[in-house]
Amino acid sequence: MKALETIGESFEKDVIEKNFSRREALTKGLGFGLKAALVAIPFGIFDAFNNKAVAGPSNSDIASVLNFALTLEFLESNFYSTGLSTNGLIPASDKTVMSQISKHETAHVALLQQTITTLGGTPVKMPTFDFTAGGTFSDVFSNYQTFLALSNAFEDTGVRAYKGAAPSLLGAGAVLTAALDIHSVEARHASEVRRLRKLKGWISNAEANGLPAAIYAGEDNVTQLNLSVTGITTVPAVSVTEAFDEPLTMTAVMAIAGPFIKK
Amino acid sequence: MPVRRKAFLKYTAMSGAVVALGLESCHKSNSGGGTSGTTDVGGGDTGILNFAYALEQLEAAFYTQVNASFYTNASPAEKAVLQDIMNHEIAHRDFFKAALGSKAIPALKPDFSSIDFTSRTSVLATAKAFEDLGVSAYNGAGQYITSSEYLTIAGKIVSVEARHAAAIRDLINPGSGDFAGDDVVSPTTGLDFSRTPNSTTGGASIVATANIYLVTRISATQLP
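So the protein lines, in turn, are chains A and B. When the first sequence is numbered by our numbering, its final residue is 263 and no position is left out of the sequence of numbers. When the second sequence is numbered by our numbering, its final residue is 487 and no position is left out of the sequence of numbers.
Some hints here could point you the wrong way.
Taking CB as the label site, the calculated pair distances span [as the list claims (entries may be wrong)]:
hint	chain 1	residue 1	chain 2	residue 2	range
1	B	T463	A	S58	28 to 38 Å
2	A	A206	B	N436	23 to 33 Å
3	B	T301	A	A92	24 to 34 Å
Honestly, the hints are just simulated from the structure, not real lab data. As the structure is a prediction and not an experimental result, all values here were calculated from the model. Think of the CB as a built atom: it goes at the ideal place given N, C-alpha and C, for glycine as much as any other residue.
Only chain B is shown next, with the shape it has when bound in the complex (with noise of 0.2 Å):
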């Protein structure tokens, strides 16, 4: 796209050793057409836009396979909900892949067996952990991010991914403190969970997490 070949350039300009950085990002892939291959999302900032892109594909199928056969007993107002997230998901999607352009990730292919869509404890645990997720996955990429305009998209991205958070919590227990619950956001220092794609701190790490409902496998090989 105009925006990121223009930046692209600039830098390229600026130095010749960006150009290695910015094509090793670009075809990392090596699935092969296969179904258990893995894609690495690459590094720099390109890499962190295709882990945020990975992540996104994974929310956007998720909500839209939800929205396709909503479980037993979805009352209107959670089906609102539900919609309202799978199209602000859809449209993060889209948005990545395009401002992405030719160095973004291929599409992955989901795999949601350990998910019972009919089940509305199953749908909407599954929602609370991809939610939180994408938050602290963006919040502890932040600071990796060099340039100030994809710092800023992924500030706005994130605070929607922070709202749906604490929507899908509100849903699960209504009048209670978990929309920012005690698990997430510390109490003493009142920040909200953060962490590096491949950090394992407090589980198994956001790469790891998001495989488990990956056919086409991710890594963030250059990342932290």
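Pulled out of the complex, with its shape left as it was, chain A reads as follows (with noise of 0.2 Å):
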């Protein structure tokens, strides 16, 4: 897990936020420049509603968000790679299907590295996975459905990790957007292996279909924007928790990747 302490940063700002009020979080002595950037918020949105830019986040807090996406990229790439490099561990059948999503994430693996760098950032190495979790699915290699269902946990732990982050880039204009440009392909990817391990391409409840619950947890929500969206709806209840996908906090995400995630 050494490879996470170095995104401990972009830590600091989640648990901040989880913990304290902003209030609370400016009494209690936090570091000056985080004390801005918090105060800054409200401005940001002031500024907006006058039709100004909104006040985006620092550089370096941007590239702590992207590097802690690039971690999760890293290890679906890494995941993707060794698979396809495994002889008769896909059917020819899927190899298609599997090579279109490899290229995504080595692509975005690169772009996250390219785009930290720019903002002046330092990208976080490979950390070294265990793609059996310490022998909990030790035939992740050798059984084409446990691969498959490792594959469908990290598409949608992805998706919710991205939709999670968005709000910290909010104002952060083309790297936001590149960040929405790459969840939503993680939809696509999620959608797709769902489906070829036969079940809806989307998310119904919290249903798991094997996979630890924590990945799932929440998506049975149907209050939207503070409103029940099954009360002001015909469709059943169902269909509207498969409506909307729900975000996860990078701690969340982080306990999900962990116990893949060796140093």
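Please assemble the complex out of the two chains, which come individually in their own frames, going by the hints.
Structure follows, in structure tokens:
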């Protein structure tokens, strides 16, 4: 889990936002830079409503978020390249699909590394992975169904991770757009892989289909912007849960990804 | 709705200028009850939400018609996918209508005369176009949203649209790379297509494309 320490900075903001109100954070003597960033938020919104540019996050804040994303993309790209280079694992019928996904994950790694460097940050190094998660998925590269299940897990988690990170890129312009453009690609992948597993492409309730429940925790939410959506539409409640994908915090995502990261 | 009102009041308290902006985006429709008027979605976050509401109205109407009478030889699996998607789009439409409350644009009247609903090819090609359009629209509008809550809502919906796009593309060409094909996802950057409402990069704008299927036309004069 050593690699995670290098993205510790990204967690700091997340943890603070979870545990303190903004006012509390300001009075608890946190670092000046963070104080300034938190204070800037209401003014950002104020300015935006006067049609001025939104005050965005600092370059180092953006780089921290992107390093979190880069860690996940390393995990995915490594997973698919290992799978594709393992003889007899992926059936011929699914090779094109897996190659297409692999191509995107590799491209995401390169794009994120480049963007982080451009922002003046330092891209995290590729961690060492253990896709068996300490033996839990011991046949990941010999049993295609296990490989598919983990692919499903990584893609659905990736969607939730980018969705959860998006608000911290509010005001970051093109970087936010790039993150959203990756987010929807992960969702396309997730849909396809789920369908290869004979599942629906979308998430019903919080159904985990044999995967760790944490990956789907909260996906059964039907309240959006404080509106109970089941109360204002005629479609079944399960359709409402399918119609809205839910975000995860960085902390929750890293708890899911952690067992696959050795160091 | 309560949340919108609360948020609106919060911003109103911060700046008088907001009032004008908010009201302007409320009633910009000049359709006047006619059949060929244009409804402007307005500006700011409300404009973006109304733009999304317009697209969701279009999608919901399309899939409702698809489900009312399936194309020839639709398989049970295909019917199940198309019924699920219909329900999702209806949920999106109803959600935006309720969330926007008095600021919502009116119900739009679709024009699907160019679609052959008896033909699998025509229906799935239109579904693919609508889903890809939706993904690119949400992706492109995201950076112009100023509210964190609304950005999250857009994110919650766009990934479902992307799931739809992949499933429809999979129905059209199973086993291929089309679910995230090189025509929508750049093979070099791995980025999905994103466009602002009026951008003509890569062909007709999203607004213009939507208007092909609308009797009540929309415009987005206050959005990029």
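Problem - Verdict for A:A206, B:N436 (Cβ pair) under range 23 to 33 Å - result: Distance hint for A:A206, B:N436 holds at roughly 31 Å.
Practice task
Could you check the hint for me, namely that B:T463 and A:S58 are 28 to 38 Å apart, CB to CB?
Solution key: 34 Å, holds
Handout entry: C-beta pair B:T301, A:A92: status relative to the range 24 to 34 Å that was hinted
Key = 52 Å, violated
Violated hint: 3 only; the structure is consistent with all others.
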